[in-house]
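Student: Okay, here's what each chain looks like letter by letter:
There are 2 protein chains.
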Amino acid sequence: VNLILLEPAEVSERAAESPGSRVSLSGPRANHLLKVLKVAPGSEVRVGILDGPCGIGTVQSIVDGTVALHCAFEATVPSPPRVDLLLALPRPKVMRRLWAQIAALGVGQIILTNAERVERNYFDTHVLTPECYGPLLIDGLQQARDTRRPQVSIHKQFKVLIEDHLDTLFPSGLRLLAEPAATKPVAAIVRESGDDRILLAIGPEGGWNRFETALLRAHGFQSGGMGPRTLRTDTACVALLAIVHDARINVR
Amino acid sequence: VNLILLEPAEVSERAAESPGSRVSLSGPRANHLLKVLKVAPGSEVRVGILDGPCGIGTVQSIVDGTVALHCAFEATVPSPPRVDLLLALPRPKVMRRLWAQIAALGVGQIILTNAERVERNYFDTHVLTPECYGPLLIDGLQQARDTRRPQVSIHKQFKVLIEDHLDTLFPSGLRLLAEPAATKPVAAIVRESGDDRILLAIGPEGGWNRFETALLRAHGFQSGGMGPRTLRTDTACVALLAIVHDARINVR
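Chains as they are written, first to last, in the numbering used here: chain A, 1 to 252; chain B, 1 to 252.
In short, the hints are calculated from the structure, not lab data.
Accuracy of the hints is not assured; some may be wrong.
A pair counts as met if it fits within one copy or between any two copies, since identical chains are not told apart.
[To be verified] Restricting the straight-line Cα-Cα distance to at most 30 Å, the calculated cross-link-like pairs of lysine-lysine (DSSO-like) are:
1) K93 with K156
2) K159 with K184
3) K159 with K93
4) K184 with K38
5) K35 with K156
6) K184 with K35
7) K38 with K159
8) K93 with K38
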């Protein structure tokens with residue numbers, strides 16, 4: 001954990017706007033401060049308000065495992081990452097591991113979808129409940145020192161998603177379809193694009209079927225290659241998000 | 001599995017050199033052929049000889065779960081990936097997941113090392129035995145359609161490794177140290193480098209200590225930045241290997 005994330009409700013409204021505010025932590029975050037970071041009164045730690053600004057917390061007191069912090073927050077809120085992810089739902093064990101990794105790498109929204117090669121029962125898992133993925137996303141944000149929680153939407157009907165909802169979810173920007181066989185690499189397309197936002201589509205193990213690929217292309221997706229090696233969904237997801245972010249950073 | 005890997009001993013020597021050779025498979029690979037790929041006599045599947053050529057296997061017969069293939073191998077053997085990895089040993093659970101991912105992404109050798117922030121007991125795990133990691137590496141190769149198994153070496157003494165063994169393990173090429181704080185991105189250094197091989201060093205959670213960083217620099221490592229987000233070792237490993245491979249592909 002490289003940043004302690006606070007819920008807005010933990011920071012009083014008046015205080016969040018003023019230069020300093022008091023926050024009391026107990027539970028896992030207090031344990032982390034005490035056992036891992038080994039804080040003492042006077043220690044400074046990085047803090048952030050969920051979907052709000054980052055700041056610095058100074059330890060005021062430690063009483064019975066409760067850590068009192070005096071926090072000073074920055075005036076500006078970090079922008080959400082400009083990369084979004086359209087992902088054919090992987091099996092629950094893989095999805096469970098991906099939540100924190102995706103949040104750490106940085107995405108504005110995670111759009112999970114069905115596809116022919118996604119098993120229907122994948123949608124019944126608790127891994128898709130906010131109770132499960134919320135804390136995992138926060139783990140990833142705390143690792144990466146970000147406060148902006150990815151928006152999550154889950155779609156059981158691929159065609160309805162692409163035809164009826166995609167333009168609302170992702171109104172403008174580069175739509176990029178990662179395909180093992182495409183000749184032009186993903187990074188080259190990103191570098192040449194002037195779009196402010198990117199939506200990266202990653203298919204199921206075994207790939208999108210022909211209908212799905214055609215529908216994505218008909219809705220503006222360009223195909224980008226992933227190199228000669230075929231990767232599993234989880235590896236591909238991390239690899240492609242890293243490449244897309246890297247290609248953007250090197251442009252600007 | 002996108003390629004069925006065969007041990008050289010499973011293919012008779014004479015046969016491997018001739019245009020066709022017979023191979024009999026039972027066990028997990030036969031199960032995969034029958035249950036997942038649903039082969040029948042006449043089906044063609046991608047095959048490869050470990051550290052040897054790729055080829056095409058044609059199913060001749062299926063008897064009692066044993067699949068007989070007639071294999072035709074290519075004349076040339078794929079080159080080993082030109083990226084090597086120097087990795088501070090992560091905790092066993094993470095290392096266990098990384099083996100296949102590293103092999104799938106493609107590395108010539110995996111050099112695992114101790115560091116101050118690596119716990120000593122990580123070295124006692126069965127995850128570091130060839131019996132454990134061998135099959136995981138093969139899983140990754142079969143996923144990525146590669147036959148070249150990464151060389152693995154394990155070093156409990158960081159200083160001895162860097163001072164006494166590194167020049168033998170990695171005699172020439174770009175030595176690259178991934179550091180969150182470095183200003184020049186890893187990809188930019190790779191693109192500007194004319195070196196044929198790259199050794200990518202990734203530290204433990206919490207980073208290399210000052211002595212370790214200084215020793216790596218004294219032995220020719222250049223620092224490359226990883227962007228503003230701090231990643232966990234496993235995510236960083238996949239992300240950086242993807243970025244380095246991508247930067248190389250886009251140069252050539």
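Student: Can you give the numbers of the hints that this structure goes against, from lowest to highest?
Tutor: The structure breaks hints 4 and 6; every other hint is satisfied.
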